[in-house]
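Going down the list, the sequences are from chains A and B.
First residue of the first sequence? That's 1 in this note's numbering, and the numbers climb one at a time after it.
First residue of the second sequence? That's 1 in this note's numbering, and the numbers climb one at a time after it.
Please keep in mind that the hints were generated in silico from the structure rather than gathered at the bench.
Among the hints, a few may not be true.
Quick list of simulated restraints, FRET-style, between CB atoms [as the list claims (entries may be wrong)]: (1) A/MET40 to B/THR6: 51 to 61 Å; (2) B/GLY17 to A/VAL25: 24 to 34 Å; (3) A/VAL103 to B/THR6: 49 to 59 Å; (4) A/VAL43 to B/SER8: 54 to 64 Å.
Listed below are the simulated DSBU-like cross-link pairs for lysine-lysine, each with C-alpha atoms no more than 30 Å apart in a straight line [claimed, not checked]: (5) B/LYS7 to A/LYS143; (6) A/LYS123 to A/LYS207; (7) A/LYS146 to A/LYS207; (8) A/LYS7 to A/LYS207; (9) A/LYS2 to A/LYS146; (10) A/LYS143 to A/LYS7; (11) A/LYS2 to A/LYS276; (12) A/LYS2 to A/LYS123; (13) B/LYS7 to A/LYS276; (14) A/LYS276 to A/LYS123; (15) A/LYS2 to A/LYS143; (16) B/LYS7 to A/LYS2; (17) B/LYS7 to A/LYS123; (18) A/LYS207 to A/LYS276; (19) A/LYS207 to A/LYS143; (20) B/LYS51 to A/LYS207; (21) A/LYS146 to B/LYS7; (22) B/LYS59 to A/LYS123; (23) A/LYS146 to A/LYS7.
Just so you have them, the derived chain B footprint on chain A, three or more residues with Cβ under 8 Å [claimed, not checked]: (24) 46-60; (25) 120-130; (26) 312-321.
Everything numeric in this text was worked out from a predicted model, so none of it was measured.
Just so you know, even glycine gets a beta-carbon here, dropped at the ideal spot from N, CA and C.
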Amino acid sequence: MKYETQKVALPFFMVAMALFTLQVVFGLLAATVYAWPNFMAEVMPFHIMRVSHTNLLIVWLLIGFMGCTYYLMPEEAEREIHSPNLAYLQLAIFAFAGAAALVGYQFGIHEGREFLEQPFWVKVLITISFLMFLFNTSMTLLKGRKTAINMVLMLGLWLAAVFWLFAFYNPTNLAVDKLYWWWVVHLWVEGVWELIMASLLGYLLIKMTGVDREVIEKWLYIIVGLALFSGLLGTGHHYYWIGAPSYWQPLSSVFSTLEVAPFFAMVVFAFTMFWKGSRNHPNKAAMLWALGCPTIAFFGAGVWGFMHTLSFINYYTHGTQVTAAHGHLAFYGAYVMLILGVITYAMPQIRRVQPYNQVLNMWGFWIMTSGMCFMTFTLTFAGVVQTHLQRVLGMNYMEVQMQLELFYIMRLGSGIAVAVGAGMLLYAFFGPVREQVPAGGTQITAGAGSV
Amino acid sequence: MADGLTKSAARNIFYGGSLFFFLVFAGLTAHTHWYMVNVSTDSAGLTESVKHGKEVWEKNMCINCHSIMGEGAYFAPELGNVWERYGGHENPEAARAGINAWIRAQPLGVEGRRQMPAYDFSDEEMSSLIDFLEWTDGIDDQNWPPHPAG
Ligand code: HEM
Ligand code: HEM
Ligand SMILES: [Fe+2]
Numbered sequence: 001m002k003y004e005t006q007k008v009a010l011p012f013f014m015v016a017m018a019l020f021t022l023q024v025v026f027g028l029l030a031a032t033v034y035a036w037p038n039f040m041a042e043v044m045p046f047h048i049m050r051v052s053h054t055n056l057l058i059v060w061l062l063i064g065f066m067g068c069t070y071y072l073m074p075e076e077a078e079r080e081i082h083s084p085n086l087a088y089l090q091l092a093i094f095a096f097a098g099a100a101a102l103v104g105y106q107f108g109i110h111e112g113r114e115f116l117e118q119p120f121w122v123k124v125l126i127t128i129s130f131l132m133f134l135f136n137t138s139m140t141l142l143k144g145r146k147t148a149i150n151m152v153l154m155l156g157l158w159l160a161a162v163f164w165l166f167a168f169y170n171p172t173n174l175a176v177d178k179l180y181w182w183w184v185v186h187l188w189v190e191g192v193w194e195l196i197m198a199s200l201l202g203y204l205l206i207k208m209t210g211v212d213r214e215v216i217e218k219w220l221y222i223i224v225g226l227a228l229f230s231g232l233l234g235t236g237h238h239y240y241w242i243g244a245p246s247y248w249q250p251l252s253s254v255f256s257t258l259e260v261a262p263f264f265a266m267v268v269f270a271f272t273m274f275w276k277g278s279r280n281h282p283n284k285a286a287m288l289w290a291l292g293c294p295t296i297a298f299f300g301a302g303v304w305g306f307m308h309t310l311s312f313i314n315y316y317t318h319g320t321q322v323t324a325a326h327g328h329l330a331f332y333g334a335y336v337m338l339i340l341g342v343i344t345y346a347m348p349q350i351r352r353v354q355p356y357n358q359v360l361n362m363w364g365f366w367i368m369t370s371g372m373c374f375m376t377f378t379l380t381f382a383g384v385v386q387t388h389l390q391r392v393l394g395m396n397y398m399e400v401q402m403q404l405e406l407f408y409i410m411r412l413g414s415g416i417a418v419a420v421g422a423g424m425l426l427y428a429f430f431g432p433v434r435e436q437v438p439a440g441g442t443q444i445t446a447g448a449g450s451v
Numbered sequence: 001m002a003d004g005l006t007k008s009a010a011r012n013i014f015y016g017g018s019l020f021f022f023l024v025f026a027g028l029t030a031h032t033h034w035y036m037v038n039v040s041t042d043s044a045g046l047t048e049s050v051k052h053g054k055e056v057w058e059k060n061m062c063i064n065c066h067s068i069m070g071e072g073a074y075f076a077p078e079l080g081n082v083w084e085r086y087g088g089h090e091n092p093e094a095a096r097a098g099i100n101a102w103i104r105a106q107p108l109g110v111e112g113r114r115q116m117p118a119y120d121f122s123d124e125e126m127s128s129l130i131d132f133l134e135w136t137d138g139i140d141d142q143n144w145p146p147h148p149a150g
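Could you build all of it, start to finish, from the sequences and the hints given here?
This is the structure in structure tokens:
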């Protein structure tokens, strides 16, 4: 850690991981209801578990992005964070708003649009906190060195804030409501968040492979260009069946298919830099995450997204378990693994020790990632069966669901594996420092001849 | 990697191209907004009651179990076409009574079956909610879903 204020990231990482744990808990509860429908039916109905699960995800990812930014910015801008106190204050407001929303949900206090259920005043607090964050980091950037990495990152964060404003717009016409709802949801995950993803990956790769910054930054612009050129018009893959004109069907079938390109480019990017790299960075676990993140994102977002994005296929799969399968692996690969990777990279430096607990960290990586993949497979099977019975044969929804029980039990099982992996990872991050270097066979090394 | 391309050229293509695609997208969104208000939805039929029905829908967060026009949760049946499923196209009065009776009958408490919570809607809230569902069913959505099953 070259700059003292990089440690501002630590409380962000801690809060993010606490909320991640809760997200997994609510996910397990909801998955249990799928397997045993009467579970907690009176105490906590399914919709409360689900809203808690998805909102915790969004809140912790945002807090995670903030932590990553505070960690990266001093090194990239070559100066200390503008105001550490402002950072702590802003985190307190955000965490309070998130916690208040979560508690409120248990008592039925909420708005009613998916993912945007936060009560109005919580949305306002989130906005204020995010603006404080943007001010703090932008001031640091303005006074410091400007690189492609920190410019693209800040652009992604600013645009995320701009599109968030559509969360305040709730038209009474349901079709119009949906039209702009996707300006938040799609333009985040398949638009401006990809800027955040690509720049954080670029940062990790510069640090860990030692490849020339010029090369990495050129790649970065190409990747984010591909992301926005395809992702903006790709939004229309959500406009096929909500009362929008039919031109979205051919147009967005093509453009959303192109959305696979930036994810594929990120895989090629990460692996090429890894092989080219001359530096043999001691943090093997962080390198594993930096390669795993684009890989799983490519499958979750790219392959699983493409699977149902053509309008004539989406006509049958729209709003089935296929969507749930894709949503899980895409979010996990692209954004969960990204933040976990940055935390893995940053923690030893924040704690001022050599890379530590790496074997445990890597076990966490494999168990959690396998769990999420298995969950995706079983939901995909459930979704295909559902699509056939309900959408092709026209069978009644509830009857179809009863045919899917086995898949839901397997989903719960894979969820338990995810929880185990997450537990190991948290212990690896925050627990006592054990091994300084990983044991022999688990090394992954870049560069010729060093296998 | 394209060696001919310099970093600053890549940057300019990114900024210029993104702006271009954003403008196209914003333009098409504006047209779609116009189309929804004037062509595909029944703006005249969007009464105070339908409006209120949407508020009831949101206040009770139905979206986190059900989907509506394919969006939402996947735990309970699609409701964008529930009006059609209850025979609203042939016999609106019977559909009204049927949906009302279903909601009033909750919780069913059948062992091993997913449960919908009970809601103590006033008659006025109930009728607004059903108006909202009827209005939603009337949106011209390119014939989705493929079957009344939703
Ligand atoms: C990291 C990037 C991505 C994330 C986090 C993500 C996440 C999601 C989520 C959560 C949904 C469900 C939204 C809802 O509740 O209705 C969804 C829907 C969808 N996504 Fe993605 N996605 C990503 C990338 C992609 C890509 C690249 C494609 C296309 C190649 C794609 C295609 C789709 C389609 C077609 C739907 C609609 C499914 C339906 O009709 O029910 N996604 N995505
Ligand atoms: C223990 C692990 C997990 C379990 C058991 C689980 C379970 C569930 C369940 C039961 C739902 C509701 C599906 C429905 O609406 O019918 C859900 C939704 C969702 N979960 Fe998870 N989840 C887990 C982990 C995760 C993780 C790690 C992420 C993020 C990467 C995630 C992201 C989501 C999203 C985005 C949705 C909404 C999907 C959509 O609208 O299509 N979950 N989850
Ligand atoms: Fe999308």
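- request: May I ask which of the numbered hints given earlier this structure violates, with the numbers listed in increasing order?
  value: 2, 6, 12, 14, 17, 20, 25
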